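Q: Spelled out from the first residue to the last, the chains are:
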Amino acid sequence: MTIEHEIHPIPLTVSRREFLKLSATGLFVFFTAGDLSLFTGEAEGAVLPSDFNAFLRIAEDGRVACYTGKIEMGQGVVTSLAQMLADELDMAFASVDMVMGDTDLCPYDRGTFGSLTTRVFGPALRRAGAEARAVLLKLAAAHLDVPLEKLAADQGEIYHKDHPGNRVSYGELTRGKRIEHYVQGNVETKGPAGFRLMNRPKLRADALEKVTGKAKYAGDIQLPGMLCARILRPPAHGSRLLSVDTSEAEKIEGVHVVRDGEMIAVLHEKWDIADKALRTVKATFERPEAKVDTESIFDHLVNIAPPGSSIAEGGSIEAGEKRAGSLVDSTYFDGYVAHAPMEPHTATVRLEGDRATVWPSSQTPFPAKDETARVLGIPPAKVHVISPYLGGGFGGKSRNLQVGEAARLAKLTGKPVQVAWSRADEFFHDSFRPAAVVKVRSGVDGEGRITAWDYHVYFAGDRGAEQFYDIANHRTVSHGGIRGVSPDVHPFAVGPWRAPANNTNTFARESQIDMMAAKAGIDPLAFRLMNLGDQRMKRVLEAAAELFGWQSKPAPSGLGRGIACGIDAGTWVATMAEVGVDKKTGAVTVKRVVCAQDMGLCVNPAGAVLQMEGCITMGLGYALSEEVRFAGGEIFDRNFDTYDIPRFSWLPKIETIIIDNVEAAPQGGGEPAIITMGGALANAIFDACGARVFRLPMTRERVRKAIEASG
Amino acid sequence: MNEEIRFTLNGERRTITVEGDRPLLWVIRQDLGLTGTKYGCGEGLCGTCTVLVNGEAVRSCHTPVRDVRNKEVVTIEGLAAGDRLHPVQQAFIEHDALQCGYCTPGMIMEATAFLRRNPAPDRADIVEAMDGNLCRCGAHDRIIKAIETAAANMKGGD
Chain A
34 MTIEHEIHPI PLTVSRREFL KLSATGLFVF FTAGDLSLFT GEAEGAVLPS
84 DFNAFLRIAE DGRVACYTGK IEMGQGVVTS LAQMLADELD MAFASVDMVM
134 GDTDLCPYDR GTFGSLTTRV FGPALRRAGA EARAVLLKLA AAHLDVPLEK
184 LAADQGEIYH KDHPGNRVSY GELTRGKRIE HYVQGNVETK GPAGFRLMNR
234 PKLRADALEK VTGKAKYAGD IQLPGMLCAR ILRPPAHGSR LLSVDTSEAE
284 KIEGVHVVRD GEMIAVLHEK WDIADKALRT VKATFERPEA KVDTESIFDH
334 LVNIAPPGSS IAEGGSIEAG EKRAGSLVDS TYFDGYVAHA PMEPHTATVR
384 LEGDRATVWP SSQTPFPAKD ETARVLGIPP AKVHVISPYL GGGFGGKSRN
434 LQVGEAARLA KLTGKPVQVA WSRADEFFHD SFRPAAVVKV RSGVDGEGRI
484 TAWDYHVYFA GDRGAEQFYD IANHRTVSHG GIRGVSPDVH PFAVGPWRAP
534 ANNTNTFARE SQIDMMAAKA GIDPLAFRLM NLGDQRMKRV LEAAAELFGW
584 QSKPAPSGLG RGIACGIDAG TWVATMAEVG VDKKTGAVTV KRVVCAQDMG
634 LCVNPAGAVL QMEGCITMGL GYALSEEVRF AGGEIFDRNF DTYDIPRFSW
684 LPKIETIIID NVEAAPQGGG EPAIITMGGA LANAIFDACG ARVFRLPMTR
734 ERVRKAIEAS G
Chain B
4 MNEEIRFTLN GERRTITVEG DRPLLWVIRQ DLGLTGTKYG CGEGLCGTCT
54 VLVNGEAVRS CHTPVRDVRN KEVVTIEGLA AGDRLHPVQQ AFIEHDALQC
104 GYCTPGMIME ATAFLRRNPA PDRADIVEAM DGNLCRCGAH DRIIKAIETA
154 AANMKGGD
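Going line by line, the protein sequences match chains A and B.
Counting with this note's numbering, you get residues 34 to 744 for the letters of the first sequence.
Counting with this note's numbering, you get residues 4 to 161 for the letters of the second sequence.
The shape of chain A in the complex, shown without the other chains (with noise of 0.2 angstroms):
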């Protein structure tokens, strides 16, 4: 067989870390364990390295490299990380290297989820570029002989104010130098009359990249005799391998078989070879019984749910009940929803001697790692986790489960192996959004006031379950969560899925207010306004309206608008939805999506928009179509030909707004917006038809079925 084969360089290598710690020049800016109290929430549990976690370092040739354990996986952190360092160190953006989810070379990092990163990891970065700044100007004063005060930075250099030709670049302050400085938390950083590059649009850095071929993803790592290998899965989780037949797989030239424990791996130099053997290979399960399935999850769930704990209370549900003039009873279900990243989960890993470095397409790299010291029976600082870029994450790519695969059959082969999921591995193993069940009753009195909200959401998890209304008598109780629970409340593996918990709970809050709006005969904005005390969510809701040109009508009005609102991550979001619906057959057309959200400091506003654009199409899909079907553990959607994502022709009209905050602390971008879909469009179906539909997704036949019951 001819080949002609590019080797593709491999970026970094377990000596590079030698290196920069050892005889590397420049400015380097550290952070000490004493300086936790920086990462709430982002290093907690985890015993930071002491000896090498350096958050920046200024190069002799005046490039500040930015080392963070974040990854990117589309939502736009490479540029924005960039834009805060650079803003705070007065360089040109252009000057800025991001090295990301390098375990050897970034600071720990628990992962890249939460919408984490510019409000947690951001703001650290920001310290440190300031003391860093600092540090220069310092230099600054004794190479140039001139009184700090005299002195000013930009585009990476300090220059005498009076004598703008009397100047020098960071570069040559650092040259043949090793600077280490501390960060001590003493540098303010900048405010917004400060920003030359913060809270101003930029184009994505990674782009010229990514149009080319030239980005690197997991997959895209091709090591001289590494082995592509196919595993293969049961039919369905929970089942037991009783026998199994590779011998047709064997006879093909060039195919490894291994077999450790239930592991049937089929591994050839080309991953197509693999996966053809793998398809020979003959093998008998024994499978549970499927004791739930699409339908009946929803009772199920209710009935091995604990009793639940109250996340909020107050005044007297018994006392507002009485008060109201009429009473909303109702219960939402929501699907289980797939998280289906364009790129199915990869890893990649080679084993040296007693070390190993991983490549894999992971939210959590520091995890990663760990993982592979597990299963390999190394120390962790034995594993170099090196990330490339994610191809989507959405909260999908934090378990891993391929790198430990990966690491096991490196192990076993004595070569580097590729662990690449098919498309129908990625739908078995996905760690689905939970589905789930909402009840809420509430009550509205003759004059619109809400008296009363008794709300209980079973499985979907409390972020979002608070209600934020001015409602004197209220109690949410969350029965529980994504995490911890029973072995036997689902079937397969769930695990957070963009703004977790957030997406269903918006869903029933804001369904159910709508409900009492139409009760009260009042439109649904003016009985949102007229019950809400929050000035920000008003304030989004109000913009949201203006361009939307909102008329105030009760609903059913017939005009196929709906709105939703909620707070996320941090961020408060409204959206407002025009659909048309297809009262035969049930099919709703999108026709048009407002979205306002008030972020705080919007620290790149084209990537913000990027976002909630992301957001709003994404969201079109757990609110129409996707859903997971099931019986037990056998999954039956497992590619996209019958689980249907949002395409083309599904998009509507989106406008988008950043309310102007810059003076309040940035906030989550990446998640808020897509936990209105459903809300915005069960509301404007309502509006259009009148037909009120409680189970997400919204598909054509229970929109028909929801037309025919309220007919």
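Keep in mind the hints are simulated off the structure, nothing from the lab.
Predicted model, so just to flag it, every value in this text is computed and none were measured.
Among these hints, one or two may not hold up.
Said to hold, decoys possible - Facing chain B, a subset of chain A residues (Cβ under 8 angstroms, in silico):
| no. | residue |
| --- | --- |
| 1 | G252 |
| 2 | A373 |
| 3 | P374 |
| 4 | I649 |
As the list claims (entries may be wrong) - Per the computed footprint, the stretches of chain B lying under chain A, defined by three or more beta-carbons under 8 angstroms from a beta-carbon of chain A, are:
| no. | region |
| --- | --- |
| 5 | 76-88 |
| 6 | 107-115 |
Heads up, the beta-carbon is just placed ideally off N, CA and C, and yes, glycines get one too.
Add chain B to chain A, keeping to what the hints say.
A: Then chain B, alone, in the frame of chain A:
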């Protein structure tokens, strides 16, 4: 059965000896080392693996490599003329028409083939042409705008 297959890849003549029924995607990625073309679904359902074969957009995960014998294959790596990006690539950058970037090569190849067929499309034409390409991040609106810009910049040429 190995067979010898000659074709043009990104303007270069190539001769490979492989099993002819292997998917073009994996031959490109692993035998020829061009990893810009991505695996997404393996069944021609998502479009991440799209390449050009004689100027037409083709799902390489579903195309046996023998089907490209004596044909011209262009992947994302072969679209730019040296450092000069193709107008579709340029427009994707200008419109931030990507997030995670994994579907991007397939989107760009699909759009490039489409603009050859229809150099002056309206929005509905673009939506129809791109509807088989999936993006999970929700960059759709930007992608449409990028294709509109590319069409305007190409004005039927390029």
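Q: Which of the numbered hints are not met once you compare them with the structure shown?
A: Violated hints: none; all satisfied.
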